[in-house]
Structures are given as C-alpha cells and as structure tokens.
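Number of protein chains: 2
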Amino acid sequence: MSGIKEVAKLAGVSVATVSRVLNDSSSVLPETKDRVCEAIEKLNYQPNLLARNLRRSETKLILAIIPSISNMFFSEVVRGMQNKARKYGYNLLLCNTEDDSESLKVYLNLLKSRQADGVIFVSSAIEQQTLTGIAKTHPVVLCSEYYDGLDISYISIDNKLAAYQAVQHLIRTGRKRIAFINGFDYHISTRLRLEGYKQALADNNIEFREELVRQGTYGLKSGLRVMRQFLSLEEPPDGVLAGSDMMAIGAIKFIKQSGLKVPEDIGVVGFDDTRATSIFEPSVTSISQPMFDMGQCAVDILLKKINSLQGYEEKLILEHELVIRHSTV
Amino acid sequence: MSGIKEVAKLAGVSVATVSRVLNDSSSVLPETKDRVCEAIEKLNYQPNLLARNLRRSETKLILAIIPSISNMFFSEVVRGMQNKARKYGYNLLLCNTEDDSESLKVYLNLLKSRQADGVIFVSSAIEQQTLTGIAKTHPVVLCSEYYDGLDISYISIDNKLAAYQAVQHLIRTGRKRIAFINGFDYHISTRLRLEGYKQALADNNIEFREELVRQGTYGLKSGLRVMRQFLSLEEPPDGVLAGSDMMAIGAIKFIKQSGLKVPEDIGVVGFDDTRATSIFEPSVTSISQPMFDMGQCAVDILLKKINSLQGYEEKLILEHELVIRHSTV
DNA sequence: TTGTATGCGTTATCAC
DNA sequence: GTGATAACGCATACAA
Chain A
398 MSGIKEVAKL
408 AGVSVATVSR
418 VLNDSSSVLP
428 ETKDRVCEAI
438 EKLNYQPNLL
448 ARNLRRSETK
458 LILAIIPSIS
468 NMFFSEVVRG
478 MQNKARKYGY
488 NLLLCNTEDD
498 SESLKVYLNL
508 LKSRQADGVI
518 FVSSAIEQQT
528 LTGIAKTHPV
538 VLCSEYYDGL
548 DISYISIDNK
558 LAAYQAVQHL
568 IRTGRKRIAF
578 INGFDYHIST
588 RLRLEGYKQA
598 LADNNIEFRE
608 ELVRQGTYGL
618 KSGLRVMRQF
628 LSLEEPPDGV
638 LAGSDMMAIG
648 AIKFIKQSGL
658 KVPEDIGVVG
668 FDDTRATSIF
678 EPSVTSISQP
688 MFDMGQCAVD
698 ILLKKINSLQ
708 GYEEKLILEH
718 ELVIRHSTV
Chain B
398 MSGIKEVAKL
408 AGVSVATVSR
418 VLNDSSSVLP
428 ETKDRVCEAI
438 EKLNYQPNLL
448 ARNLRRSETK
458 LILAIIPSIS
468 NMFFSEVVRG
478 MQNKARKYGY
488 NLLLCNTEDD
498 SESLKVYLNL
508 LKSRQADGVI
518 FVSSAIEQQT
528 LTGIAKTHPV
538 VLCSEYYDGL
548 DISYISIDNK
558 LAAYQAVQHL
568 IRTGRKRIAF
578 INGFDYHIST
588 RLRLEGYKQA
598 LADNNIEFRE
608 ELVRQGTYGL
618 KSGLRVMRQF
628 LSLEEPPDGV
638 LAGSDMMAIG
648 AIKFIKQSGL
658 KVPEDIGVVG
668 FDDTRATSIF
678 EPSVTSISQP
688 MFDMGQCAVD
698 ILLKKINSLQ
708 GYEEKLILEH
718 ELVIRHSTV
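Protein chains in written order, with our numbering: chain A, 398 to 726; chain B, 398 to 726.
Think of the hints as simulated: they come from the structure by calculation, not from any bench. Treat the hints with care, since some could be wrong.
The list cannot tell twin chains apart, which means a pair is met if one copy fits it or any two copies do.
[Said to hold, decoys possible] Dumping the calculated DSS-like pairs for lysine-lysine here, alpha-carbon to alpha-carbon at most 30 Å:
no.	residue 1	residue 2
1	K430	K502
2	K509	K484
3	K502	K484
4	K533	K402
5	K484	K573
Please put together the full structure from these sequences, using the hints given.
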C-alpha cells in the first residue's frame, strides 16, 4: 500500500501539504488541494492510523468493560455506546469480564499501554482503590453502578425511587406482604433499591420483615431458588419485587410450579424491562431502564472528559418508567 | 509516564537491551535482565503499544462484524470469540452493523487503515465482490453464513442435516403437515435448510407444498405473522419448523392465542437453542448450534491466517444437536 | 500558502 | 551479550 510520500510525489507537493489536506488544518490553495485529492484517489491512499495514533497519542478507541455481553441489559447498553461512539469516529473495544478480576486487570492494561483513550465500566465489580487510581490518569465513566463517595462521572437511574414505585404498585393492586429479591450488595443499586422498598412499606404502614428480603444473582435460577424460600415461609408473600427480569421470571416459574397463579395469587415485578418481559407468559411488569440511552450518554460524558484537559466530571440520572404488564394485573 | 529511555538510563543499559528483555528476544545476561526488570518495576513502565504497533505494523485487534449484539445467538458467538482472542493476546473491536451497509463500510475502513489485523464476519450481509476484495488483502473469516463458491475460510454447521433432523423429529412424533418459517434468502443457511426440509418430506413420502414455506425475519413478530398465515390456510399445519428460536416462540404465541395447544395440536421446533428456549413455556425444542465454539474457532482460524503468509484457508463444520423440549412432546 | 526538518516510542539491523 | 542507529508513517513548529 502507498504512503503519504507517494501521494506527495504524485501531486508534486510536500508530505506536509498532503497531511494538511488530510486533516484540513490551516489553509491550502484550492488548486493544490485538488491535485492532492486526485493523487489520493488515484493511489487509493489510506492514511496509516498506527502512525497517526502514535503521533497524536490517541487511538479513538473506547474500552467498554462489562460483566457479560450475553445479558440483554448489557447488550443494549453496548448498542447505545457503539451508536454514539460511531458518530464521533470512535470505536468500542469490547471487554467481557465474566466477573473475573484477572481478566479485568488484563483489560485495564490496555489503557495503561495507551491502546484506548478512555474506559467505561458498566456495572463492574472493581475495587474503589483501583478505580480511583485509574481515574487519576485516564478518562473514566461509570455506567449503571457507581460509587457515591468518589468524584468520578457516572450515569444511572434513581434506583431508590424506582423500587419505591414498584412496591407502591404492588400495594395499590392489593398486595400486603411484599417480598424483595435483591442483587449483589456491592452494587449501589442494591442498597438504594432496598431503601426505596423500605420507604414504600413505611409509607403504607406495612411492617418491614427481614425474612422477606433475599439476595439473588440476577439469573433465572436464583429467582427460582429464592422464590422457593419465600413460599416455604409460614406467611408467604403475595407480591414480589425482583432486581432483574430474569429473577422475576424465575420467581414466576416457581410460583406456577407450586400450583399458584400469577398475578391472581402473587404479583411479580421485575427490573430493567429487557425483551424477556414481553416474551414470557404472563408478560412481566418491570421497571424500564433506558439502557440504550445510558450507553449513549456514557460515551457522551467520556468524550467530554477526553476532550477537556481539566478534571471534568458529570453525574447523570436518567428517567425510568414502571411498565405494567400481566404479572401484576 | 516514563518511556523506554528512562528505563534504559536507570538500568544503565541501552534501549535496545530493554527492548530485548521486553520481548525476550535473543539472549540477555540474567544479571542485566534483572537490572532492567527492576528499573521497569521502579518506574512502573508500560511499553507504549502505539509505537510498537507502528513498528511491527500490527494491532492485535480483531474486527468482529455482527448484525446485532442484542441477539442472543450473536452475543454468544462474540463471547466465544473474545474468550479465544484473549488467550492469544488479541482483542475484539466490536462492530454492530444493525444491517446498515453504510456502517459496514465505515468499519471496513478500520481494516484498510490498519486499525485491525483481521476481520470476522458473523452472518453479515456483504456483497461477494466487496468480500473477495477484502479477502485479497486482509485475513478474513466467515462465521455462520458463508459463500459456497468463494475460497474464503468459514465456520458453520450442517444446516441441511439440521433441518432434516428437525423435520424427521416432527414426523416421528406424529405430524404430517410440516410448515417451515425460513430466514433471509441471501443466507446460505436458508437455502440449505430448505433442502433438508424437502429431503425429509421426500424420505417420508410427504408431498412438498409451496404454501407451507414462508420467510420470516428471525424476530418474534415475524413468527407471529407467518403463523397467522399458516393457520388461515384451508389445511393448516400440525408441525412447524422455524429458522430461529424467536420465530418459534412467536409461532407458539399465535397458536396459543388461537385456542390451539402446543404440542398437542401443533408441534414447533426452533433453531439455535438460545436461552429463550428454556425461559419460555412451553420450553422449545430446538437445533442447538455451538455458538460459543463457533466464535472460538473463528478466531482460531483467523489467527492461523494472520500468522501464515501464504493463502491459508480452512472450512469448518461443527456439530449441532436436536434438543427436545415441551414444544414437540 | 508551502516546504524542511524533527520527533512520537518502539523494534530490528548492524556493528562491536 | 550489548550498543548505536535507522526505520515505521505521520503531524507540526518553524522557516521561507
């Protein structure tokens, strides 16, 4: 393949001029510009980005660190990220950690060795110390999960309010004993949702009961498992809030297996509003998170950080929505 | 951040020696090696990959072009690709085309400008001409869909046999009028599956009927739509093979809406065996494709091509499996 | 407006 | 076994 020199020679100019038309920096005489463009066409010249990247010390690559790509929530976020990134000429370096801290390290090395211009952590299990270290030297944005104490940009939803509304909905539709299948407690969303859950109970004069809150692992099986525990209680719940759609579906499956009916006997609300909610029968009432938007905004914020030398930080909370389906009414 | 020069100075050696221990190329005296490593540690030195990439003219990046990341089939393939790539120090540049040919072009420019060492097309809608052009100058592997006439490496399953077995299964479980919701006809899988479908009918002395074959778009809605057409026939089918799990689920949904029962009145078989098959009720009988393996093998083949100067090509067919669930028995 | 020359941080080819 | 040094292909400060 031909380089910038050949183009320069063919156009009868210096490499500097070719570089100028390439980046349309400073002014080039229209006629010389035409000559250069012509030469570029003729030689089918493509600038070598490796050289440009070295020179400019950038890669136009964004590290996207996510727990698992085969989770509908994350894949939607990734779609949003990619969509926005493309608009700005950036691309996504995809990093599936599968919650393995070893691979996380490997991927973070990509940042240190300048293979990427910045990083977006989507719901990542990363130590605060590691995170602050990275944030000191590289542009970082947190997506979905974040740390409240740290001054690091993030984008998320109002998890407390969301859980509050979900519980309110269950109560308003006649339930009184609301159980909660929550997520990992190192996630801030888990703690905030628990607050919202408690608040809703309190506002409706319902006593909080320890045994009605359990942790799941976001998957279908953990929904089944926790629901089995709930149904074996002396006073089983008549409403369930789950921290993910898959756990909600798992719960519903177990309820049906037990000969009970959804929504008649027990109402169930999920979280995220992934496509699974409308595939499953009964369709699942769920808190809709703007996953695509979150991905887009995360990239937006990251690019702002990349292009602003000072310590720009932005915390963004996006709107959610309770989508009511047949698992509650 | 410190460069190789600082390390060299601190260790009291030349940059060449530092480079040697970095790549453990040729022999370095153990004691000098120790000194260098020590200096690297002390300065927390990370080689600048941009410079290395320019020098070596490689990026250790693989372009992964897929129609949509939010499709379970593709996300599993991507997981496999990433998994294997990591083992060899490669990373994935994720490109969601959303079936937009414009963005495809953009992504292919990454190859031309040397931002990636090779490309894997997963079920991509790409013109043969474009493809052969790229394959002439860059390492290319096709995954899932491919072109039979071209000498370009690919990995897939035996789609004809798979469809054959699915239809056999429907017939063996008592069905006689088998309908087929097929995929896009620019996909080779679509054509091969049709062959298998016809073959199975022929082998069972069942007449092929044009009106029992329709095209869908792989999504849930198209399954619903096509099933409506089938049920409005004078002689509706008692068995359905769908080219994707989502279409199978859509079909089942419509069947149930129509007051008929699955599997009692109509048996349904899907394709791919994505997780949706076991989430849905009834669970869906499906042809299991080794998606993760396909991703892994695709990367394997691509790396072989990258590391072999001559025109290495490999065509691989992986095993599939009919997984029987409640939608047929 | 355009050309010259230097540097980006490595790796690799020579010498020694 | 080790050290100078020339590339890699481009962008830019400076000079013209």
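Taking the hints in turn, this is what the structure says about them:
Taking the closest pair of Cα atoms, K430 and K502 come within 30 Å of each other only across two copies (25 Å); inside a single copy the shortest separation is 46 Å, beyond that limit. Taking the shortest alpha-carbon separations for K509 and K484, both the intra-copy value of 25 Å and the inter-copy value of 19 Å come in at or below 30 Å. Taking the shortest Cα distances, K502 and K484 sit within 30 Å of each other both inside one copy (29 Å) and across copies (14 Å). For the identical chains of this complex, K533 and K402 are inter-copy neighbours only, at 24 Å across copies versus 40 Å inside a copy, given an alpha-carbon limit of 30 Å.
When the C-alpha separation of K484 and K573 is checked against a cutoff of 30 Å, the pair qualifies neither within a copy, at 49 Å, nor between copies, at 52 Å.
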